[in-house]
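Assemble the complex: chain A is given as a structure, and chain B must be docked to it using the hints.
Protein chains: 2
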Amino acid sequence: MQPLLTNNRITQLFQIEYPIIQAGMVWASGWRLASAVSNAGGLGILGAGSMYSEVLKEHIQKTKAATSKPFAVNLPILYPNIKQHIDIIIAEKVPIVFTSAGNPKTFTTLLKDAGIVVVHVVSSSLFAQKAEAAGCDAVVAEGFEAGGHNGREETTSMVLIPAVKAAIKIPLIAAGGIATGRQMLAAMVLGAEAVQIGTRFICSDEASSHPQFKEAVIQAKEGDTQLGLKQLVPVRLLKNAFSNMILEAEKNGANMEALQTMLGKARAKKGMFEGDMEEGELEIGQVSSLINEIKSAAAIVTEIWNDFAAAVSKPF
Amino acid sequence: MQPLLTNNRITQLFQIEYPIIQAGMVWASGWRLASAVSNAGGLGILGAGSMYSEVLKEHIQKTKAATSKPFAVNLPILYPNIKQHIDIIIAEKVPIVFTSAGNPKTFTTLLKDAGIVVVHVVSSSLFAQKAEAAGCDAVVAEGFEAGGHNGREETTSMVLIPAVKAAIKIPLIAAGGIATGRQMLAAMVLGAEAVQIGTRFICSDEASSHPQFKEAVIQAKEGDTQLGLKQLVPVRLLKNAFSNMILEAEKNGANMEALQTMLGKARAKKGMFEGDMEEGELEIGQVSSLINEIKSAAAIVTEIWNDFAAAVSKPF
Chain A
1 MQPLLTNNRI TQLFQIEYPI IQAGMVWASG WRLASAVSNA GGLGILGAGS MYSEVLKEHI
61 QKTKAATSKP FAVNLPILYP NIKQHIDIII AEKVPIVFTS AGNPKTFTTL LKDAGIVVVH
121 VVSSSLFAQK AEAAGCDAVV AEGFEAGGHN GREETTSMVL IPAVKAAIKI PLIAAGGIAT
181 GRQMLAAMVL GAEAVQIGTR FICSDEASSH PQFKEAVIQA KEGDTQLGLK QLVPVRLLKN
241 AFSNMILEAE KNGANMEALQ TMLGKARAKK GMFEGDMEEG ELEIGQVSSL INEIKSAAAI
301 VTEIWNDFAA AVSKPF
Chain B
1001 MQPLLTNNRI TQLFQIEYPI IQAGMVWASG WRLASAVSNA GGLGILGAGS MYSEVLKEHI
1061 QKTKAATSKP FAVNLPILYP NIKQHIDIII AEKVPIVFTS AGNPKTFTTL LKDAGIVVVH
1121 VVSSSLFAQK AEAAGCDAVV AEGFEAGGHN GREETTSMVL IPAVKAAIKI PLIAAGGIAT
1181 GRQMLAAMVL GAEAVQIGTR FICSDEASSH PQFKEAVIQA KEGDTQLGLK QLVPVRLLKN
1241 AFSNMILEAE KNGANMEALQ TMLGKARAKK GMFEGDMEEG ELEIGQVSSL INEIKSAAAI
1301 VTEIWNDFAA AVSKPF
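Chains as they are written, first to last, in my numbering: chain A, 1 to 316; chain B, 1001 to 1316.
Extracted from the complex, chain A is given alone in its bound form:
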């Protein structure tokens, strides 16, 4: 067995201590969470998908004030004011951008020309290859078990990680179903050089998600999430009145327009930020069933790292 991994292509690329990356999550990952994770030696990410551009600017500036360490912004490419977001990211000299939900060709060159490290989130080997061809520095391969928006092919981390690993030369970050150091080691055995963790960081003191949402995640049991809205963009949600309504409608043959109407606007904000546990959209991963405690982001990074170290010294 090698010594504990504190130096690989990902830690070098991002200039971080541990290959533990906090996922950019709507309504949860503002400057408090991102700076806390970066200060703890991981990579903190601002979730720009739920921010107006002025809000993003404020969060970038506050993150820079709160940490001298590297951090990133997660940028859903389909965001309506994406150009304005990018102008701010470049002007504020954000060192790393994770792009998602769109074609990696669209902005990779623009961002890289500005000196930014670019990582693209994919759910298949094919898109991993496209990201590599577009000049991305790394990819995140996100499995079916992940919370929030998800791939149509439903490939799980156990299969996706080795598949993507075999398909590309740039480093691979695994996401989906990872909340513990033992899961982190499993992902690295499968070919990842780092892990991206969302659900576990929702249950941190610093996440801006509503306390009732954090509590619901803590209480979630196996089978309490489901993938829905497959005709729109598939999304993994904590089951509640809203998700049950969607599921029922899908079973009964609802079309895209009907589902779009049911979804309406600002459902995610209503659930995750405002705390409406029944009518809100609650994006969360399957691994919520393994999480039982809210703690500081720094304590989470330490816990995962210690668990990883223990797993490395006694893998089975």
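These aren't lab readings, by the way, just hints derived from the structure by calculation. Built from N, CA and C at the ideal position, the CB exists for glycine as well. Careful: at least some of the hints might be erroneous.
Claimed, not checked - FRET-style restraints, in silico, Cβ to Cβ:
1. B/Glu1279 x A/Glu54: 54 to 60 Å
2. A/Arg152 x B/Asp1087: 55 to 61 Å
3. A/Lys265 x B/Gly1253: 25 to 31 Å
4. B/Pro1211 x A/Gln129: 30 to 36 Å
5. B/Glu1303 x A/Tyr52: 50 to 56 Å
6. B/Gln1231 x A/Asn292: 31 to 37 Å
7. A/Arg152 x B/Ala1266: 26 to 32 Å
What the hints assert, rightly or not - Some chain B residues near chain A, calculated using beta-carbon distances under 8 Å:
8. Gly1177
9. Thr1180
10. Val1189
11. Ile1218
12. Glu1222
13. Gly1253
Same frame as chain A, but now just chain B:
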């Protein structure tokens, strides 16, 4: 790192050399495959779900003639002539039975009173606990990525293995998404003491599945399987005209009766045994995308074990 694992609770329980178990699969795992895997040092399993009782008896006797090593029978509890199957299993002194698709309480005591080691297949921690309470010697935890019949909660191996591990004291065998030694190590890092492998063994010389089905599995790419028939018993299938018809019907709100009629009888036989690649039901796992060669069962066991050994000595 420990030395290579050749001795744990599962190898002791089954009296086998390697903790590699071949899944009992309808229309694929008769005496040729089961005896080849057992002779190679793993545990071969006869898939009784596609056999009349007289056929099962013949396969048990041929397996005993072909190997002096332990082997098992996979017994779907909902099988119509289950009592007759059990009488034969007891009379023929089959040493190990894997029960699936039903309540572990139903037959565990009966089988154990006959001196048989009993393992139950589950897709959740709750059912793993029920299997333990029923007196089972071990459980198989089968993730969403697995081929064939599957759990309703859709929990993937990355999440299911540690969840089941935490819920029970008896040993855990991981199934779903595992075809390589590196995936085997990942499963063991997550808490498994052995792996059960189906899809990889479909692509063996000794599997009784139709050559065209084996070829289709070799050709399968990422995203070529899907979980369907969720209103009946969810099943992971290779996509073809039949599965597309089912998917379309489900999207349009088909009810259970309509789906049952579309499924009809003997669809699995038509596809996997008779080689109808469009109208047959082709049960296979997501990991088919990683499999590119048909070889002997012994070569598969050796390949997985060597890959596992390499992964243990250089996990990342």
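Going down the list of hints, with the structure as the test:
The supplied range of 54 to 60 Å is met by B/Glu1279 and A/Glu54, whose beta-carbon atoms lie about 58 Å from each other. For A/Arg152 and B/Asp1087, the Cβ-Cβ distance of about 47 Å falls outside the hinted range of 55 to 61 Å, so the restraint is violated. With their beta carbons about 26 Å apart, A/Lys265 and B/Gly1253 fall inside the hinted range of 25 to 31 Å. At roughly 31 Å, the beta carbons of B/Pro1211 and A/Gln129 sit within the given window of 30 to 36 Å.
Between B/Glu1303 and A/Tyr52 the C-beta distance comes to about 54 Å, which sits within the given range of 50 to 56 Å. The hinted range of 31 to 37 Å is satisfied by B/Gln1231 and A/Asn292, whose Cβ atoms lie roughly 33 Å apart. Between A/Arg152 and B/Ala1266 the C-beta distance comes to about 31 Å, which sits within the given range of 26 to 32 Å. Because the smallest distance between the Cβ of B/Gly1177 and any Cβ of chain A comes to about 3 Å, under 8 Å, the interface hint for this residue holds.
The beta carbon of B/Thr1180 is positioned within 8 Å of a beta carbon in chain A (closest approach about 7 Å), and the interface hint is therefore held. At its closest, the beta carbon of B/Val1189 sits 5 Å from a beta carbon of chain A; the interface hint therefore holds under the 8 Å criterion. With a least beta-carbon distance of about 15 Å to chain A, the hint placing B/Ile1218 at the interface is violated under the 8 Å criterion. The beta carbon of B/Glu1222 is positioned within 8 Å of a beta carbon in chain A (closest approach about 6 Å), and the interface hint is therefore held.
Among the interface hints, the one on B/Gly1253 holds; its C-beta lies about 3 Å from the nearest C-beta in chain A, closer than the 8 Å criterion.
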